[in-house]
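Residue numbering for the sequence shown follows this note's numbering, beginning at 120 and increasing consecutively.
There could be a bad hint or two in this list.
[As the list claims (entries may be wrong)] Just the calculated beta-carbon pair ranges, DEER-fashion: (1) Val404 to Asp448: 13 to 21 Å; (2) Leu447 to Thr353: 55 to 63 Å; (3) Asp869 to Leu749: 47 to 55 Å; (4) Glu212 to Arg686: 27 to 35 Å; (5) Asp1042 to Arg221: 38 to 46 Å; (6) Thr353 to Asp1095: 27 to 35 Å; (7) Val476 to Thr834: 42 to 50 Å; (8) Val858 to Asp1042: 20 to 28 Å; (9) Ala557 to Pro644: 55 to 63 Å; (10) Lys962 to Ala521: 52 to 60 Å; (11) Gly224 to Arg297: 16 to 24 Å; (12) Gly352 to Thr751: 56 to 64 Å.
Calculated directly from the structure, the hints in this document are not laboratory data.
Backbone N, C-alpha and C fix where the C-beta goes; we use that ideal spot for every residue, glycine too.
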Amino acid sequence: MLPDEYRTIDFFTEDALPAPRVAPADAERIAAEHLGITAHAEALGSQQDANFLLHADDGTPAAVLKIANPAFGVTEIDAQDTAADLIASARPELRVATVLRRPDGSPRRTTVNTENGPAVARLLRYLPGGTLSGPRHLSPTTVAAMGTIAGEVSTALHGFRHPGLDRVLQWDPRHADRVVTKLAGHITEPDRRAAVQNATAEAWAQVQKVAAVLPSQAVHLDLTDDNLIRRTGTRPPTPDGIIDFGDVTMSWAVGELAVTLSSLLHHDGIEPHHLLPAVRAFHAVRPLSRVEAEALWPLVILRAAVLVVSGRQQAAVDEDNAYAKAALDREWRIFEQATRLPLPVMTGLLRDATGMVDAPAATGQADAPVRPLLRGLAADDITLLDLSTDADCMDHGSWLDAGTEDRLATSALADGAAAVATRYARARLTRAQVLSVASTATVPTGIDLWLGREAVVQAPAEGRVLIAAPGRVELTYGVQVLSLSFAPECRPVVGADAAVRAGEDIAHLASGAMVHVALREADGPAVPRLVRPEYAAGWLALTADPAPLLGLPAGSDRPRDGDLLDRRAAVFATVQGHYYTNPPRIERGWRHHLLSTEGRSYLDIVNNVTPLGHAHPRVEQAVSRQLRRLNTNSRFHYSSVVEFTERLTQLLPEPLDTVFLVNSGSEAVDLSLRLAIGASGRHDVVALREAYHGWTYASDAVSTSLQDNPNALATRPSWVHTVDSPNSYRGRHRGTESVRYAPEAVAVIDELAASGRPAGAFIGETYYGNAGGVALPDGYLAEVYAAVRRHGGLAVADEVQVGYGRLGHWFWGFEQQGVVPDIVCVAKAMGNGHPLGAVITAKEVADRYREQGYFFSSTGGSPVSSVVGLTVLDTLRDEDLQGNAVRVGGHLKRRLEALADRYGIIGAVHGSGLYLGLELVRDRTTLEPATEETAELCDRMLDLGVIVQPTGDHLNILKIKPPLCIDSTAADFFADMLDLALTQLGHGHTG
């Protein structure tokens, strides 16, 4: 019996929809006899249909054979194929699994008999690349791309009409409540069944408030990770293909996005806030209306509930359907994540993400009270306690101390304040946790108040008492609820359900009492005192600033970091880039931790500029002391510049006894080249490839890093001559063959001399920092230095990155090579973040500079710079930070090497001490750089609380150069997060 041409599915008239039982041999017969293709059939998973990938004789995919569920009629199938053709035409940049056609243009489809009845079978275009299915964490760019495709499909299908769209599908959110009611009995666990039913009821009630005005149109309704195909070879995976049009129907347009969002929630490490890039991307292509924004998260919850009940039913009625059974755990994960936060919180977060923050809401700040909340307490009597990253009281790591808030409040009261109040909605650094895989709750939804004298809490306006219990009172305040919490020893003087007038006593508080004051929507959920910053916009939309109840001005809106980035781009040259596409705003550091304005703590793995650690008290005190006395230029006579330069020369071997002080590594390299050229009388310079030395004219001229300048090798001035990067891991000569680099470099130097252009200098990093901490081959510098000196040139050692004890076993990189250079350049670590650089050479070389003119640096060697330099050296010694680099660096390297044994993407662990490099490759034989994977890994590590960045010409090496004060606990956290991120990103284990 042929399926009725005009029949369409009504899910509620069907007992079940088991997938057609078709064996691969049957599929091959159908393809050959009915569709004109001889191929090998490979079964693919499906919830309700039977799908097969057809392979040609040579094994290449030829097409997909789709045998629809017998419940679906011909007109429905035609609607699906027409919709696919429409999208393919409207959006040519998308690959679409359209139906294959015969030479006459007719679709290659037929009707076949199955044990469940006649079913439509057809051939569809095969899209290579693979789906986004599986637990792999999806990056923000992938998530955004999914939202973009959903928006593009929605716009393409707008206005599409077809009789086959008139269907009643279980996946149509317009019927979600009925589907859950029908199928909930298949959830055998009572607690899970109740959770699904309750969430469905709440979400459905919210949707019904706007259902009548929600726009409807044709929708694909299954643009999920299972049905979006990644562009071949993209890393991270970027979708550009669409398959499976089986759920095409008429429904609410916003349901298209809700389906896509829900499919993301089972992926590793994905929380609801990670979906916002998809929402913004969809909104940019197909703007959401206010009512659609209100309905969106309820529809996500409804989709999740339908997935759970449908999956349980399908597994029960279709026992052989491995695809349906395998999906059960991830469907429950989707539901858990969809209901993780109260629905109104997610709706507020979505409004914020789409710029609809001006949507009507009874939030913002409290109305002016008729009477102040605390009788007799004026605003001038209250001291505001700032606990943000900007607060001076957070200095010296005090935010880490338990009881800091109470201590600061008690101190302010002792200084005469009648009361001390915190700020609403401003992240508290005191609540940040270091080495945390996720952000902690730092954003307050109310105000804490410490009292320095007795006070009477009075009703600020007419209202009704909702709760009156020891330590707690809630009463209405207009359309809001005013909540007061204090010690349980204090009992309110009013009873529950009592009507109160403005000024009526509510509670009597003793001196020293602490009270929490908060305002929330009357019909909203309970609001925690502190919330995580990623969700703060959603929670705060349900609250109001209670400061006006105390006579204090309401706080300004929470700062938006995007606004600051826009201001930066407007005035700060964009060539001066910043880490990350959406960087956290970092305004404070302490030791090896960096703190964002949201109170998120990050482990700093990248900052070799601050070897002592951020905000070191000795440096701060030394700078402050010197600034109170004198800061001028080095032409004046003062002691610190003498003491500092003496200390520097004591750290270096003979004959390096003379110091120039400058402000940066770039200046140091530039000056070193002028010294070498001046002393040698030769203007040609030999430099290593894949090196970075600075941005000044001369230092840039010898910089050959392709990442810093893609045209570096082609744009070198004629006086710069480069030799091979002596990289024993990925260079021309690897492993034991790396001994060939030095003779080849010597040959270049000899050839220059033979041509009449002997090199005046050879410059190179003494430990290959820019290449990721790769040690130079043994004896390399000894051979090259000897060659350049033989022809009258000088050896210049760039120690800017690796010097000052970072290598652990050696204070200077050249010590590892057993050589003494003629000129040493150093910077970065010298000032612990203060601009300070130096060039150290022999007196006779320094004296030759006078033949080129006069040298002076206004702030190089200033009193403050010199004091900073001395303090850094003292602290390196006193805190044994070089020894710490040996101990912690060795421990960390062993942890990284253990990861390399487990993850094939880790090609090598380079480096020494706390200058390490983790090189990522796609193939350990070819060493193909894993550039995009490294960038994605860095982004994921940021989300996990670690700041790390790539280096090297291919940007495939994690540069690991944290402050030298890092401890083993932090090193373990880094290794653990790296382990977690590599697993979440699907890199898998080697064995």
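Okay, which hints does this one fail, numbers in order?
-> Hints 1, 2, 9, 11 contradicted; others consistent.
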